[in-house]
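Use the sequences and the hints to build the structure in full.
Taking the numbering used here, I'd label the letters of the sequence shown as residues 1 to 140.
Hints may contain errors.
Pairs of lysine to any residue residues, derived as SDA-like cross-links and limited to a Cα-Cα distance of at most 20 Å, are as follows [unchecked claim]: (1) Lys22 with Glu121; (2) Lys104 with Leu120; (3) Lys71 with Leu49; (4) Lys21 with Ser113; (5) Lys31 with Leu49; (6) Lys21 with Ile99; (7) Lys96 with Asp20; (8) Lys91 with Ser116; (9) Lys104 with Leu28; (10) Lys22 with Thr92; (11) Lys11 with Ser116.
Okay, the calculated beta carbon distance ranges per label pair [stated by the list, open to error]: (12) Arg105 with Asp20: 13 to 23 Å; (13) Tyr78 with Arg105: 56 to 66 Å; (14) Ser33 with Arg86: 30 to 40 Å; (15) Gln82 with Ser33: 34 to 44 Å; (16) Arg65 with Glu107: 48 to 58 Å; (17) Arg86 with Ala44: 18 to 28 Å; (18) Gln54 with Glu76: 13 to 23 Å; (19) Glu73 with Ala38: 34 to 44 Å; (20) Thr37 with Glu76: 38 to 48 Å; (21) Ala38 with Tyr78: 14 to 24 Å; (22) Ser79 with Ser47: 16 to 26 Å; (23) Arg34 with Met136: 43 to 53 Å.
These aren't lab readings, by the way, just hints derived from the structure by calculation. Yeah, the Cβ is synthetic: ideal placement off N, Cα and C, and Gly gets one too.
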Amino acid sequence: MTSIRQLNAQKVTVLRGIADKKNSISSLEEKISRLQTAATRLTASISALESTQQAIENLTVDLGRWRGEEKSEFEENYSDYQESTRAYLSKTENAKDAIDQDIKRYEAQMATSTTSLMNLESSLASIEWQIRQADMEGVR
1 MTSIRQLNAQ KVTVLRGIAD KKNSISSLEE KISRLQTAAT RLTASISALE
51 STQQAIENLT VDLGRWRGEE KSEFEENYSD YQESTRAYLS KTENAKDAID
101 QDIKRYEAQM ATSTTSLMNL ESSLASIEWQ IRQADMEGVR
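This is how it looks when you write it as structure tokens:
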């Protein structure tokens, strides 16, 4: 039979593990919360960018008012502006996707940590029961 001293040492180790897991879970919850806030803001930004892009793509320009080099320069600048807007929207969507992936990864880590915490709490209950039994039996 395991001595009370050994059981108490195990208990201390398990209690440390529980504290570490709780800190880890708390940290993950904070990360997830911050990322969800960022994702919500990016979703709003993406909607606004899509509206802006639509306005740019659907802009009606009377090309009859432009002549020669001015017309060519305008068309080139307008095309560059359209492409820049598309690229910015694409990068923003990619950032949102990356954040969504991070959220899923942290949620999976949190689920694993929560399971680990439950196992540690179960171990603690078992060790405390063994300590009580050893106390009742007078084992040192």
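Would you list, in rising numerical order, the hints stated earlier that this structure does not obey? Hints 2, 3, 5, 6, 7, 8, 10, 13 and 21 contradicted; others consistent.
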